[in-house]
Amino acid sequence: MSRKKTPKSKGGSAPATSALPAAKGPRPVRPETARAGPEAPPNGPPQPGRSSLGGGGDIYDVAFKVMLVGDSGVGKTCLLVRFKDGAFLAGTFISTVGIDFRNKILDVDGMKVKLQIWDTAGQERFRSVTHAYYRDAHALLLLYDVTNKASFDSIQAWLTEIQEYAQRDVVLLLLGNKVDSAQERVVRREDGEQLAKEFGLPFMETSARTGLNVDLAFTAVAKELKQRLTKAPSEPRFQLHDYVKREGRGASCCRP
Amino acid sequence: METAGRAQAARDRVPRVDPYGFEPEDFDYAAYEEFFSAYLVILTRRAIKWSKLLKGGGGVQKSMTVKRYIRKGVPLEHRARVWMGVSGAQAQMDRNPGYYHRLLQGERNDSLEEAIRTDVTRTFPDNVRFRKGAEPCLQRTLYNVLLAYGHHNRGVGYCQGMNFIAGYLILITKNEEEAFWLLDALVGRILPDYYSPSMLGLRMDQEVLGELVRTKLPAVAALMDGHGVLWTLVVSRWFICLFVDVLPVETVLRVWDCLFSEGSKIIFRVALTLIKQHQAFILEATSVPDICERFKEITRGGFVTECHAFMQKIFSEPGSLSMAHITRLRERCRAKLLAQG
Chain A
0 MSRKKTPKSK GGSAPATSAL PAAKGPRPVR PETARAGPEA PPNGPPQPGR
50 SSLGGGGDIY DVAFKVMLVG DSGVGKTCLL VRFKDGAFLA GTFISTVGID
100 FRNKILDVDG MKVKLQIWDT AGQERFRSVT HAYYRDAHAL LLLYDVTNKA
150 SFDSIQAWLT EIQEYAQRDV VLLLLGNKVD SAQERVVRRE DGEQLAKEFG
200 LPFMETSART GLNVDLAFTA VAKELKQRLT KAPSEPRFQL HDYVKREGRG
250 ASCCRP
Chain B
0 METAGRAQAA RDRVPRVDPY GFEPEDFDYA AYEEFFSAYL VILTRRAIKW
50 SKLLKGGGGV QKSMTVKRYI RKGVPLEHRA RVWMGVSGAQ AQMDRNPGYY
100 HRLLQGERND SLEEAIRTDV TRTFPDNVRF RKGAEPCLQR TLYNVLLAYG
150 HHNRGVGYCQ GMNFIAGYLI LITKNEEEAF WLLDALVGRI LPDYYSPSML
200 GLRMDQEVLG ELVRTKLPAV AALMDGHGVL WTLVVSRWFI CLFVDVLPVE
250 TVLRVWDCLF SEGSKIIFRV ALTLIKQHQA FILEATSVPD ICERFKEITR
300 GGFVTECHAF MQKIFSEPGS LSMAHITRLR ERCRAKLLAQ G
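In the order they appear, the protein sequences are chains A and B.
Just so you know, we're using numbering that gives the first Met the number 0 here: the first sequence kicks off at 0 and counts up by one.
Just so you know, we're using numbering that gives the first Met the number 0 here: the second sequence kicks off at 0 and counts up by one.
What the hints contain is simulated information worked out from the structure, not anything from laboratory work.
Cβ coordinates follow ideal geometry from the N, Cα and C atoms, glycine included.
Possibly wrong hints are sitting among the right ones.
Simulated pairs of lysine-lysine, DSSO-like, Cα-Cα distance not exceeding 30 Å [unchecked claim]: (1) A:83 / B:295; (2) B:295 / B:275; (3) B:71 / B:335; (4) A:103 / B:295; (5) B:215 / B:131; (6) A:83 / B:131; (7) B:295 / B:312; (8) A:103 / A:83; (9) B:335 / B:61; (10) A:148 / A:83; (11) A:111 / B:215; (12) B:335 / B:215; (13) B:131 / A:148; (14) A:83 / A:111; (15) B:51 / B:173.
If you want the ones that stay clear, here's a sample from chain B, every Cβ over 12 Å from chain A, calculated [claimed, not checked]: (16) 101; (17) 102; (18) 116; (19) 160; (20) 196; (21) 218; (22) 262; (23) 295.
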């Protein structure tokens with residue numbers, strides 16, 4: 000779960016009468032161009048369209064849904080917070096229960112792309128609660144922890160789950176997280192590469208702690224999704240695999 | 000300026016760490032002080048009444064008087080004893096001396112231990128007693144309680160969310176064994192099977208809430224249907240964590256007072272009250288993320304901070320809610336989920 004910013008122990012952030020956002024004035028109407036639900040078929044083609052009513056910070060051309068999946072404790076929430084806020088939640092985050100999301104708008108080749116990023120609980124039993132959302136996802140980031148062999152061994156099971164519940168054309172990226180912990184690493188980079196190759200997945204190693212390849216992972220996904228939507232037939236196709244390979248940085252060059 | 004000055008003054012007066020060890024980062028001290036100075040009067044009055052009721056020691060037995068007293072709030076100093084009494088945890092503990100400690104010395108279970116270890120370090124990082132280096136550090140206590148429970152109830156083992164519940168039980172009882180037996184009362188008896196691998200009870204109760212909303216607040220149900228939002232998306236944390244980290248601590252404890260005494264339908268009362276109170280605000284939502292945001296927003300602010308008034312509301316606002324009706328809805332929803340496979 001995302002860390003609750005409001006006071007948890009003693010309550011309200013405002014006196015009773017002004018406690019709710021209703022008191023802060025009406026909210027801008029934000030048409031969701033890629034929303035789930037009956038208005039748009041699940042994972043149907045997101046319709047580009049500038050939201051003209053949105054407040055200053057929330058104007059975007061197109062929105063996509065990205066989901067973070069992987070075993071409990073591999074760093075899904077930390078990866079998301081690193082991407083969203085550029086910070087690392089050392090010792091101040093709590094385990095995610097259920098499902099939660101955060102938005103971030105990226106500029107991709109001149110287009111404002113809103114990523115609606117869904118963070119999920121990693122424990123296996125929660126899949127019965129979360130897999131209902133797979134079908135609406137345009138992209139999935141599948142994480143394991145390079146210091147935890149079991150999380151790497153679970154990847155196959157996750158892929159089976161994804162195959163069963165996600166859209167066939169979902170963009171999928173395999174990420175080996177926590178590469179800053181070089182001392183405790185038990186999954187070699189080559190192991191990750193080998194597995195990715197076996198399943199035809201683009202692959203990167205990341206560190207939510209140092210930020211290594213974190214922005215890149217989300218940007219790569221945004222680029223791929225944007226181009227699927229807007230590419231003219233004459234344009235060269237965006238190659239997610241090549242992009243990730245070319246732009247991804249090794250763990251060694253970025254260790255603090 | 001004046002407001003800032005008032006806030007600063009309140010900040011100086013209100014202790015940084017609350018009675019439970021929580022040290023919130025961003026906190027409206029002025030609003031809290033205003034609320035608490037009024038609540039203190041109520042607390043004092045209740046404390047005197049409770050002291051009379053519990054005079055002479057011994058266990059707390061369920062009765063109409065006790066139920067009425069509990070609805071008005073259990074003072075912190077009696078809370079552990081009252082919870083132990085009305086939930087049946089005390090009776091279980093008395094019947095099974097040494098059982099808890101034997102569980103801790105039982106057979107090893109690597110995957111259970113690993114799952115618990117992963118969450119123990121990320122439970123209440125904003126509580127000084129759960130921080131690494133605290134003396135004693137409650138991370139160890141939490142680990143023990145969860146491990147013992149996993150051995151005790153093998154069908155459940157450990158489920159994420161139980162860490163937050165056990166954490167609160169430890170803060171209130173300050174006693175590992177009592178926390179264990181209260182966790183057993185909740186997970187084993189009071190709640191349906193929320194935490195089992197299929198999470199069927201959780202999914203069932205979310206459906207039940209959906210049905211109750213459909214009858215009592217049809218406009219909200221129509222909004223959810225219209226956007227294709229499943230209830231699990233907005234309320235799973237309410238049920239799994241029993242409002243821990245959703246509502247303010249004091250409010251959660253008041254809800255739990257009634258949960259131990261009256262059972263799981265209290266959860267529906269709280270959920271329905273939150274939704275009903277903010278119905279107009281929820282209905283302004285224009286998209287799925289907007290709905291999600293609003294369901295988070297309604298768990299904050301003065302309405303939930305003022306726990307005494309809030310607890311009165313949960314018994315009046317949702318209207319009648321008989322256990323027979325809940326049981327019927329549960330049976331229907333469970334059958335529906337099982338048919339879906």
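* Asked: Failing hints, ascending?
  -> 3, 5, 9, 11, 18, 19, 20 and 23
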